[in-house]
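Enquirer: Turn these sequences into a full structure, and let the hints guide you.
To convert, count from 1 in the sequence shown and add 21; that's our numbering.
Treat the hints as calculated values from the structure; they're not laboratory data.
Calculated pairs, SDA-like style, for lysine to any residue (alpha carbon to alpha carbon, straight line, at most 25 Å): (1) 272 - 284; (2) 315 - 278; (3) 282 - 178; (4) 315 - 422.
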Amino acid sequence: MSTGTTPALVASTKRADVVGPLLAHADAQRPLVWSRRGDGLVGIGEVLRLEFSGPERMRDAAAAWREVASAATVTDGVQVSGSGLVAFGTFAFSAESEARSVLIVPRTIVGRHGSTTFVTRIRRADEPDDDARLTASRRFGDEFRISLSAGEETADGYIDHVGQAIDRIASGALSKVVLARELSGHVPAGADLRRVITDLALGYPDCWTFAVDGLIGSSPETLVRVEAGTVGARVLAGTASRGVNAEADQKAALALVTSTKDQDEHQFAVRSAVESLRPHTRHLATSEVPFALKLPNLWHLATDLEGAIDGGASSIDLIDAMHPTAAVAGSPREEAVALIAELEPFDRGRYSGPVGWVDASGDGEWAIALRCAQVDEDGDVTAYAGCGIVVDSDPAAELAETRMKFRPIVDAFG
22 MSTGTTPALV ASTKRADVVG PLLAHADAQR PLVWSRRGDG LVGIGEVLRL
72 EFSGPERMRD AAAAWREVAS AATVTDGVQV SGSGLVAFGT FAFSAESEAR
122 SVLIVPRTIV GRHGSTTFVT RIRRADEPDD DARLTASRRF GDEFRISLSA
172 GEETADGYID HVGQAIDRIA SGALSKVVLA RELSGHVPAG ADLRRVITDL
222 ALGYPDCWTF AVDGLIGSSP ETLVRVEAGT VGARVLAGTA SRGVNAEADQ
272 KAALALVTST KDQDEHQFAV RSAVESLRPH TRHLATSEVP FALKLPNLWH
322 LATDLEGAID GGASSIDLID AMHPTAAVAG SPREEAVALI AELEPFDRGR
372 YSGPVGWVDA SGDGEWAIAL RCAQVDEDGD VTAYAGCGIV VDSDPAAELA
422 ETRMKFRPIV DAFG
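Expert: See the structure below:
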């Protein structure tokens, strides 16, 4: 962890008349965004950045954020989800990853929650109080389109690695493993990344659309949502393509909910989430049966969880307990993570790690970073997609599923 001395921050939230889309206020090259169904947060500037790595990265982040929050002076005249002192965060999937895990506190946050729009200004206590007007929204830059091509894991390589994973599962070494592959490309200098984020937000309004430290995506999977002592989560595992017409679409959904392979994969993920959350909750309820969640290009098997937090755990404590879920790693967890490291020929970075935000009380919203791409400062783009592999998996079908899962990010960029 690299935090230095804990700074004393001063945060003030007030109602505001912000007209138009929140994204118009985001930085074109360094956007900080959390959005769903028109609500969300846009961060501008950076007053504090905390970086973490290694196996204790989330535990270190939870401790560091408690120190920052306890030293902060917060005036919140709005009192809605996302108001007050907030940090945006993204964490690497693996403890061995070279990608840094970060918490970023912006200087300004423009937020919208239902009919309430607000602005939060954050500064260090030793800085002058600057209550300047909110920077006017900025027109989007020129349109751009790029192509994404195979990265280190080729299509043939992926099929081979899925086959090896199936053999390992058949031997009894584990029950499920999630294997991913990547695509790569490059955005032109000065590209306005808000265009990509807008495409994702409009195309996938029921997903969490995010941009944190270059990680951009639109995830359907809520890792945890903590508010006023209550925790919620949504587990997704099991996937099918949407049908070409209404009749075919309903048949696809029915086939998914009656598929033994997909139901088995889903139950691994649900058990993983329940086992991780139960020690931190007094009551934990789940959907009686998985339901089919409809997205623009896919059906997913989904189960919702909700419980009452016991022991004062923050949202970062809970993502630490839950990550990596069986939905992005496999089962048993340790064996699956080891097999991923063995078979995937690349560093996942922050793909399939937690991404979201946390406030001064520890409440927050975190998704699993899926349907996403990392945009580096030099403009290099790496997109990711993965599938859950079980003993009945077919390598060619899993490759086809990754193509479906790549579609949101490939369409947004190209």
